[in-house]
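Enquirer: One-letter residues, chain by chain:
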Amino acid sequence: MALSHLAASASRSSSLLKPLSSALSLRRSISGDNSPLTVETSVPFTSHQCEAPSRSVETNPKELLTFFRDMALMRRMEIAADSLYKAKLIRGFCHLYDGQEAVAVGMEAAITKKDCIITAYRDHCTFVSRGGTLLEVFAELMGRQAGCSKGKGGSMHFYKKDSNFYGGHGIVGAQVPLGCGLAFAQKYSKDETVTFALYGDGAANQGQLFEALNISALWDLPAILVCENNHYGMGTAEWRAAKSPAYYKRGDYVPGLKVDGMDALAVKQACKFAKEHALKNGPIILEMDTYRYHGHSMSDPGSSYRTRDEISGVRQERDPIERIRKLILSHDLATEKELKDVEKEVRKEVDDAIAQAKESPMPEPSELFTNVYAKGLGVESFGADRKEVRATLP
Amino acid sequence: MAAIFQGVGAAAALSSLPSNSFDSKNILFSPRRSFSVRKAPSFVVVRSDGTMNLDLNPKGRRAQQFIANAVATKEDSSAASSSSKPGHELLLFEALREGLEEEMERDPRVCVMGEDVGHYGGSYKVTKGLATKFGDLRVLDTPIAENSFTGMGIGAAMTGLRPVVEGMNMGFLLLAFNQISNNCGMLHYTSGGQFTIPIVIRGPGGVGRQLGAEHSQRLESYFQSVPGIQMVACSTPYNAKGLMKAALRSENPVILFEHVLLYNLKERIPDEDYICNLEEAEMVRPGEHVTILTYSRMRYHVMQAAKTLVNKGYDPEVIDIRSLKPFDLYTIGNSVKKTHRVLIVEECMRTGGIGASLTAAITENFHDYLDAPIICLSSQDVPTPYAGRLEEWTVVQPAQIVTAVEQLCQ
Chain A
1 MALSHLAASA SRSSSLLKPL SSALSLRRSI SGDNSPLTVE TSVPFTSHQC EAPSRSVETN
61 PKELLTFFRD MALMRRMEIA ADSLYKAKLI RGFCHLYDGQ EAVAVGMEAA ITKKDCIITA
121 YRDHCTFVSR GGTLLEVFAE LMGRQAGCSK GKGGSMHFYK KDSNFYGGHG IVGAQVPLGC
181 GLAFAQKYSK DETVTFALYG DGAANQGQLF EALNISALWD LPAILVCENN HYGMGTAEWR
241 AAKSPAYYKR GDYVPGLKVD GMDALAVKQA CKFAKEHALK NGPIILEMDT YRYHGHSMSD
301 PGSSYRTRDE ISGVRQERDP IERIRKLILS HDLATEKELK DVEKEVRKEV DDAIAQAKES
361 PMPEPSELFT NVYAKGLGVE SFGADRKEVR ATLP
Chain B
1 MAAIFQGVGA AAALSSLPSN SFDSKNILFS PRRSFSVRKA PSFVVVRSDG TMNLDLNPKG
61 RRAQQFIANA VATKEDSSAA SSSSKPGHEL LLFEALREGL EEEMERDPRV CVMGEDVGHY
121 GGSYKVTKGL ATKFGDLRVL DTPIAENSFT GMGIGAAMTG LRPVVEGMNM GFLLLAFNQI
181 SNNCGMLHYT SGGQFTIPIV IRGPGGVGRQ LGAEHSQRLE SYFQSVPGIQ MVACSTPYNA
241 KGLMKAALRS ENPVILFEHV LLYNLKERIP DEDYICNLEE AEMVRPGEHV TILTYSRMRY
301 HVMQAAKTLV NKGYDPEVID IRSLKPFDLY TIGNSVKKTH RVLIVEECMR TGGIGASLTA
361 AITENFHDYL DAPIICLSSQ DVPTPYAGRL EEWTVVQPAQ IVTAVEQLCQ
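Chains as they are written, first to last, in UniProt numbering: chain A, 1 to 394; chain B, 1 to 410.
Some clues are possibly wrong.
[Said to hold, decoys possible] Listed below are the simulated EDC-like cross-link pairs for lysine to aspartate or glutamate, each with C-alpha atoms no more than 20 Å apart in a straight line:
#1 A:K161 x B:E251
#2 A:K190 x B:D136
#3 A:K375 x B:E251
Just so you know, these hints were derived from the structure itself, not from any lab.
The shape of chain A in the complex, shown without the other chains:
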């Protein structure tokens, strides 16, 4: 049944992009320019309790080339992490995002760094799209000091406070109430910003999601719940886990939108729409129809519950990077060679970052005890034989 669903979606998106209009300037540099370009998304949006946004997305060559570069970087980074894991430099759990890059990249294009993003454990690419460096990623994965969490978090705990990326959470579904809390804080401080709380199709069955949705709708919080539906909750296909796999409709009274998550432009359009909606009307659910090529994590080959044909089928028909590549080529925004050069460049960047990360030292033993408590107010935790200390107040 999963196979037939995917065949259907493959045939749906096999009709490729039809550029409606293009106002192009002449032969461009590889960095592109800002002349507007309108592209149609692969499929129209399906909506629940709201008006779907239009299929035509405004973009420009520069943005498309940035999309290409960023997605190529993420893809390369995840493949490199795969090799590092097999070389036992990364241990524990490693959940890879390749195939789903369009969601991270498209979302980032629609929002600012003041908007908050919180996601689950498949967070490497979201971290990068929020401004994290490759060095921080690889160092954290290898447990080194240069990592974004000083090596103490690991693959599932990437955070970047200054660009409002709140992680990075291991327990399925627990990040959604946190995300609604972020939205609450945004409403409290009257920031006019929104929070994107991402979760998967497996987490969509968690009760705390509905609790948080209820509270968000009740209090009109600017929370956008994004279900990254890659159709498998670890080894369980969505039709075996959910009675109603129409996750965008699960909000009932909360509006929802179903988006082709392999089309970065569709994601961008949907996120822009969602942000406007959330600031005015409260929560909204976005369902991103996407796919992961790797298994659930590095311990899962990913082929015991789905066929290799399915995986390669999606890779041929719906790959996000290929889509952007075809778009760029068909609009003459760059040559094949230039795009290949970008990929080579990106590969080198990743290799350099890995080399640099390998040089970063392991954390000092004393780091075991730092950051358990925050030292605020001068109030100290007493050990067995400390000197008498007074409370010092601010």
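Assemble chain B onto chain A, guided by the hints.
Expert: Relative to chain A, chain B alone:
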């Protein structure tokens, strides 16, 4: 600056109870504690050195219906006999409310979320009047969804807000255990220090009056292992207000354990702004023969037993440990070094309770100073029964404390 709340209903109810309490002003100056006044605007840190003498209703079953007149005064005020006493009198839940209100006025980032805290005023009246004063965005009535609203509080705290999450009964917070353990306790560590979680989680717990097994839970024993959180238990109006304020000002997540039966304790507390140190234990009654460590409601059972013990010629030193995580091993250690005998009286169950951890901590650190094995009196390892007499037998009673001290001091 302190507003005096007239909890009308509560005061009326209390005044109708038999009041056979008396004031005994035994203020002892303990040399190792000095009084510190900071040159900071309008507050004072006071180490509480007042003793408390209670005259409890002798029938154990009605142990909670008493009026405590504890005088906790500053050390430099002329001691006992001021005719116009400083400070104002209030009940423990009013003290909590006062502390909360003062902090909400002081810091606009403080907000309260919980079930029925807003319009209803709180099921134990701790947040009464706050919603009218501060508005619905700062005092939020949540639906019955502990897991998610605790998670939301933690998420809001990650951005810098300082929420107070109230569990209507601490037992309900079991539903939020994942959020408290994984997110609240660990986020500061796993993010490498990027986020602090200045949240206060509070609520009443403990064995009440025939509330049944599920509403008589002692969650301090379940949470004590969670790294990254601090736990404190208040027992008097004075330390309730002080600990509430200190918890709200702390950058760490703090769980403040209140007790269902202690909400109507009355005490006179200072008018000035003060906070209590979160990691400090309170010396309730200095003594020489045995150290009795206790917290929350058991403090009153211990003090009742202490009266009997004094009559029998013993001199127990009673310490209210207050800080359940981390333990104030400094105060405790000094006491152990003095008396060489330790009795722990707690309301947790014997297995895996606070007393069990405290026994281990004292044995590890102060083994050489002990003349006798540590005795730990805890509640029985059973779900709390409904029947009144069975419930009495579940928790430690003053008579058992007296017996234990006699046994220790042989």
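Enquirer: Could you run down the list of hints and mark each one as holding or not?
Expert: Hints versus structure:
With a CA separation close to 16 Å, the supplied pair K161 (chain A) and E251 (chain B) stays within the 20 Å bound. Restraint check for K190 (chain A) and D136 (chain B): satisfied, since their Cα atoms lie roughly 15 Å apart, inside the 20 Å limit. Pair hint K375 (chain A) plus E251 (chain B) holds up; C-alpha atoms about 7 Å apart against a cutoff of 20 Å.
In this structure, every one of the numbered hints holds.
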